[in-house]
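Peer 1: Sequences are here, hints too, so could you generate the full structure?
Number of protein chains: 4
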Amino acid sequence: MTITINLCADIGEGFGAYKIGDDEGMLKVVRSASIACGFHAGDPVTMHDVVQKAKKEGVSIGCHPSYDDLWGFGRRRIEVRSDHLEYMVAYQIGALQAFAAYAGDKVTHLQPHGTLANVAADEEDAAMAIGRAIRSVDRDIIFLTPPGSWMEKAGRKLGLRVALEGFCDRSYDDDGKITSRKVPGAVHTHPEVVARQVLRIALHGEVETRTGKVVPQRVHAVCVHGDEPAGVACAQAARKALEGAGVRIVPLPEMKFD
Amino acid sequence: MTITINLCADIGEGFGAYKIGDDEGMLKVVRSASIACGFHAGDPVTMHDVVQKAKKEGVSIGCHPSYDDLWGFGRRRIEVRSDHLEYMVAYQIGALQAFAAYAGDKVTHLQPHGTLANVAADEEDAAMAIGRAIRSVDRDIIFLTPPGSWMEKAGRKLGLRVALEGFCDRSYDDDGKITSRKVPGAVHTHPEVVARQVLRIALHGEVETRTGKVVPQRVHAVCVHGDEPAGVACAQAARKALEGAGVRIVPLPEMKFD
Amino acid sequence: MTITINLCADIGEGFGAYKIGDDEGMLKVVRSASIACGFHAGDPVTMHDVVQKAKKEGVSIGCHPSYDDLWGFGRRRIEVRSDHLEYMVAYQIGALQAFAAYAGDKVTHLQPHGTLANVAADEEDAAMAIGRAIRSVDRDIIFLTPPGSWMEKAGRKLGLRVALEGFCDRSYDDDGKITSRKVPGAVHTHPEVVARQVLRIALHGEVETRTGKVVPQRVHAVCVHGDEPAGVACAQAARKALEGAGVRIVPLPEMKFD
Amino acid sequence: MTITINLCADIGEGFGAYKIGDDEGMLKVVRSASIACGFHAGDPVTMHDVVQKAKKEGVSIGCHPSYDDLWGFGRRRIEVRSDHLEYMVAYQIGALQAFAAYAGDKVTHLQPHGTLANVAADEEDAAMAIGRAIRSVDRDIIFLTPPGSWMEKAGRKLGLRVALEGFCDRSYDDDGKITSRKVPGAVHTHPEVVARQVLRIALHGEVETRTGKVVPQRVHAVCVHGDEPAGVACAQAARKALEGAGVRIVPLPEMKFD
Chain A
1012 MTITINLCAD IGEGFGAYKI GDDEGMLKVV RSASIACGFH AGDPVTMHDV
1062 VQKAKKEGVS IGCHPSYDDL WGFGRRRIEV RSDHLEYMVA YQIGALQAFA
1112 AYAGDKVTHL QPHGTLANVA ADEEDAAMAI GRAIRSVDRD IIFLTPPGSW
1162 MEKAGRKLGL RVALEGFCDR SYDDDGKITS RKVPGAVHTH PEVVARQVLR
1212 IALHGEVETR TGKVVPQRVH AVCVHGDEPA GVACAQAARK ALEGAGVRIV
1262 PLPEMKFD
Chain B
1012 MTITINLCAD IGEGFGAYKI GDDEGMLKVV RSASIACGFH AGDPVTMHDV
1062 VQKAKKEGVS IGCHPSYDDL WGFGRRRIEV RSDHLEYMVA YQIGALQAFA
1112 AYAGDKVTHL QPHGTLANVA ADEEDAAMAI GRAIRSVDRD IIFLTPPGSW
1162 MEKAGRKLGL RVALEGFCDR SYDDDGKITS RKVPGAVHTH PEVVARQVLR
1212 IALHGEVETR TGKVVPQRVH AVCVHGDEPA GVACAQAARK ALEGAGVRIV
1262 PLPEMKFD
Chain C
1012 MTITINLCAD IGEGFGAYKI GDDEGMLKVV RSASIACGFH AGDPVTMHDV
1062 VQKAKKEGVS IGCHPSYDDL WGFGRRRIEV RSDHLEYMVA YQIGALQAFA
1112 AYAGDKVTHL QPHGTLANVA ADEEDAAMAI GRAIRSVDRD IIFLTPPGSW
1162 MEKAGRKLGL RVALEGFCDR SYDDDGKITS RKVPGAVHTH PEVVARQVLR
1212 IALHGEVETR TGKVVPQRVH AVCVHGDEPA GVACAQAARK ALEGAGVRIV
1262 PLPEMKFD
Chain D
1012 MTITINLCAD IGEGFGAYKI GDDEGMLKVV RSASIACGFH AGDPVTMHDV
1062 VQKAKKEGVS IGCHPSYDDL WGFGRRRIEV RSDHLEYMVA YQIGALQAFA
1112 AYAGDKVTHL QPHGTLANVA ADEEDAAMAI GRAIRSVDRD IIFLTPPGSW
1162 MEKAGRKLGL RVALEGFCDR SYDDDGKITS RKVPGAVHTH PEVVARQVLR
1212 IALHGEVETR TGKVVPQRVH AVCVHGDEPA GVACAQAARK ALEGAGVRIV
1262 PLPEMKFD
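Chains as they are written, first to last, in the working numbering: chain A, 1012 to 1269; chain B, 1012 to 1269; chain C, 1012 to 1269; chain D, 1012 to 1269.
The hints are simulated quantities; they were obtained by calculation from the structure and are not laboratory data. Treat the hints with caution; some may be incorrect.
Treat identical chains as interchangeable: a pair holds within one or across any two.
[What the hints assert, rightly or not] Here are the computed lysine-lysine pairs in the BS3-like style, where the Cα-Cα straight-line distance is at most 30 Å:
| id | residue 1 | residue 2 |
| --- | --- | --- |
| 1 | Lys-1117 | Lys-1224 |
| 2 | Lys-1066 | Lys-1030 |
| 3 | Lys-1067 | Lys-1039 |
| 4 | Lys-1267 | Lys-1067 |
| 5 | Lys-1224 | Lys-1067 |
| 6 | Lys-1117 | Lys-1030 |
| 7 | Lys-1188 | Lys-1067 |
| 8 | Lys-1168 | Lys-1039 |
| 9 | Lys-1067 | Lys-1168 |
| 10 | Lys-1064 | Lys-1193 |
| 11 | Lys-1251 | Lys-1064 |
| 12 | Lys-1117 | Lys-1064 |
| 13 | Lys-1164 | Lys-1030 |
| 14 | Lys-1168 | Lys-1064 |
| 15 | Lys-1168 | Lys-1030 |
| 16 | Lys-1064 | Lys-1224 |
| 17 | Lys-1267 | Lys-1193 |
| 18 | Lys-1064 | Lys-1030 |
| 19 | Lys-1267 | Lys-1030 |
| 20 | Lys-1267 | Lys-1251 |
| 21 | Lys-1251 | Lys-1164 |
Peer 2: Pasting the structure below:
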């Protein structure tokens, strides 16, 4: 039986004259892309450009919403009322849908960015706010969430399509969550480490934590970070390892969800 | 035969703690509303709120795009490449569509704001950029434009639905264009003046200019400015005058376009 | 012996086309003003304008720094590294000093705005960050702080000039802190209530809390909020009450600090 | 007789997570730096950082003001009233002075950025607005301007200290102005070309234009662009060429102005 998995990266995280990450390189490797929508990064010109390129490469596109925090690149916690957060996320989905329309395409998933992702993994209010935004704007959008998180629960509660995500390039703690960026070594930059971790996730549904413990990690998508300098190299290592092991890599909408 | 016309205002032009205009009052009077989308004014919370209220009042909603100029309230000219302008407008349409989806509604028209409206009336490049954004995101959106402007021409050239707009509360120059805000007396704030002008437009398809000349002004929609302190009073005066003269006031999508 | 106190308001909290509060009215009543510096409100044009008007009225000027949160009007908590907060505050002081230079004047105090004020009252890191910004940019600037707060302690630890502030128009809790805005009744809008509270603070160095308890409140300055609709009326009530009781109202730099 | 000249670059043009240019490398080569102040680039953390590094390297610091245009990196023309422009520039000077105070240093020059520099070179209103900002905030600040520009004239008219600038890494047109960035070849990226041009400016007070014509270019400072990828290499080439020819390179305040 062939194992099937999605390989996903966040892209489009430049702003105006500022560029971060090699989006073109990344789009040749991954099968899904989470695109910044102007709140932590991204702007109309960048969004249009990466959506067109994703289309050309057959990469499915998703919304990568954030707090309104350009200066902090979405990595600062902002205390937002949950209804405000909901509309903020809805706004970002809509903006990206405009560029999907340009490409004759659809926004097929949503994966929160940075600190919003951390907060919504741990807190019901934020997770439900994001889920409600998806349900109200387009309930077919797949909610890409960490397994066991409040986001997963919110997605299921709201009757959304939920996909589980693991990370190729992030260290894990013993509780099965990714290690905070504040901890040294939280981001794997060595392609070999990435390859080993992605195989363990894809083939065995588990991950080795920082302390050497093995914890379950059954996911539909494995993600790499497009804003890391080693991002494309890590994505390539992950893809090569997966293909070498006979794993089939598909866009997220082609995965089966329970 | 009954004359039919649309009455439209721009609303949702606050930002966060800042409020401008009496949106609730205005939505009880007009039949269509052009909603700020975050570039000169407006934010996700405000947009959600006014779309819900418009829905409740049976007011059709439109996108009111602008240059990215919150400080200048979209009243400063910014030299933008026309492809950049196009994507900027597309982004704003998409963002508003998200809130229309919340209300089970659609964005049915687009009317540019402030200096962008002036520039796109006079310059082909800007007019075509806005038209292309409409065509790419949703070609059913009605392009609300001044008669004889480059926007009208762009709309027709691109095969869009084009509606013509007149203003109840703006003085006109002899060339049939509204008087620049830099000129004293450019904005009518007296309801009686507004009533007289709206009747002349609706019943006779003409307007009296600042110099006393009469110029043609055949339009589908008459507009008032929601950000003016006298806005609601002017809208009420316009509506009362129109109804008193037996004119039927309808949402923009119910108008017939050639 | 004459009692002397300062009467202070926060002003200049508009942004571009958006206005909040009656700055001109307020500047005729108070003797010191804390001016928004562009992070939660305020812009170069507004800042220049209010500094000129303050100068004309003999009102001393202070910096009213905030988190970078225009949308949230500085009322959302943002998790900022304390060194980043320090430089953010320094930037705002410097910007205001430029307009003080225009008026041949100096920035003589600093009073944090909104949530930053709440956080720095309760947390040493934020309080010290603000204090270090003052010490580095101009150590003669008076740090206007709630009595007993971490800001007061930070100011004393860093050898700064510290003034204590009370509020005319805010309810107090039994711990001597102002009631959170989230609690109904946190803001007094009735001039009589304001007058009673300001007298109790000025004449007796105490305040009655929400529960009817009396707690000490010995301060150099009594503050009103310029962004409240009833702001000027409250300031007038406070001034009239103080003057009626023979209290001398002076600009902050004329107060004696220990 | 030894020829003396200043070598200057614009630096600090990142924003939050975004970096542009090698500021550390540049600060080891040049003797003066024009620092972005948050309007087209730059933020409090970046400003503090580069001012500290400039101090350490003995590099004099200047303000590099821009239109409020982060998205456009200050390269879009924005129509601003001249009084608004004046206060915008004043704000940026003040903000940088705060960080100069941290370093026990002063802001000693001002050099406008991008499109503001082009506009103020050609138009009296903008040039005078910038000059008035300097005069009001600190009249000792040297106005660094292209020879023959409206900025030079405005500076002289207002009694400011005026320094003339030439560019090592920009092509010149026959009218003695730098070639617009819209023209291919406007930016020299080859160190040899830069070295040849800087020597011709420093030793002979002239420059060869795109068409091969030779035009006078007598200046106090030769500038390189910190945001160009080849920036540091060009600065090094310029410095090496100048030193090889026995030219003394000094911070701008050490130059003599008439």
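Peer 1: Work down the list of hints and note, for each, if the structure agrees.
Peer 2: Structure-based check of all given hints:
1. Lys-1117 to Lys-1224: For Lys-1117 and Lys-1224, neither the intra-copy (40 Å) nor the inter-copy (52 Å) Cα distance is at most 30 Å.
2. Lys-1066 to Lys-1030: Answer is both: 20 Å inside a copy and 29 Å across each meet the 30 Å cutoff.
3. Lys-1067 to Lys-1039: Classified as within: same-chain Cα gap 10 Å, cross-chain 44 Å, threshold 30 Å.
4. Lys-1267 to Lys-1067: Within one copy only: 24 Å inside a chain, 39 Å across chains, cut-off 30 Å.
5. Lys-1224 to Lys-1067: Intra 41 Å, inter 47 Å, cutoff 30 Å: neither.
6. Lys-1117 to Lys-1030: Only inside one copy: Lys-1117 and Lys-1030 sit 25 Å apart there, 32 Å across copies, limit 30 Å.
7. Lys-1188 to Lys-1067: neither (34 Å within a copy, 43 Å between copies)
8. Lys-1168 to Lys-1039: neither (35 Å within a copy, 37 Å between copies)
9. Lys-1067 to Lys-1168: between (35 Å within a copy, 28 Å between copies)
10. Lys-1064 to Lys-1193: between (33 Å within a copy, 25 Å between copies)
11. Lys-1251 to Lys-1064: within (22 Å within a copy, 43 Å between copies)
12. Lys-1117 to Lys-1064: Close inside one copy (14 Å) and across copies (28 Å); limit 30 Å.
13. Lys-1164 to Lys-1030: neither (35 Å within a copy, 37 Å between copies)
14. Lys-1168 to Lys-1064: So Lys-1168 and Lys-1064 pass the 30 Å test across copies only (28 Å; inside, 34 Å).
15. Lys-1168 to Lys-1030: Neither: 38 Å inside a copy, 36 Å across copies.
16. Lys-1064 to Lys-1224: neither (40 Å within a copy, 44 Å between copies)
17. Lys-1267 to Lys-1193: The answer is neither: 35 Å in one copy and 45 Å across copies each exceed 30 Å.
18. Lys-1064 to Lys-1030: both (16 Å within a copy, 24 Å between copies)
19. Lys-1267 to Lys-1030: Neither way: Lys-1267 and Lys-1030 sit 35 Å apart in one copy and 40 Å across, limit 30 Å.
20. Lys-1267 to Lys-1251: within (23 Å within a copy, 59 Å between copies)
21. Lys-1251 to Lys-1164: Neither: 33 Å inside a chain and 53 Å across chains, both beyond 30 Å.
Hints 1, 5, 7, 8, 13, 15, 16, 17, 19, 21 from the list above are not met by this structure, while the remaining hints are.
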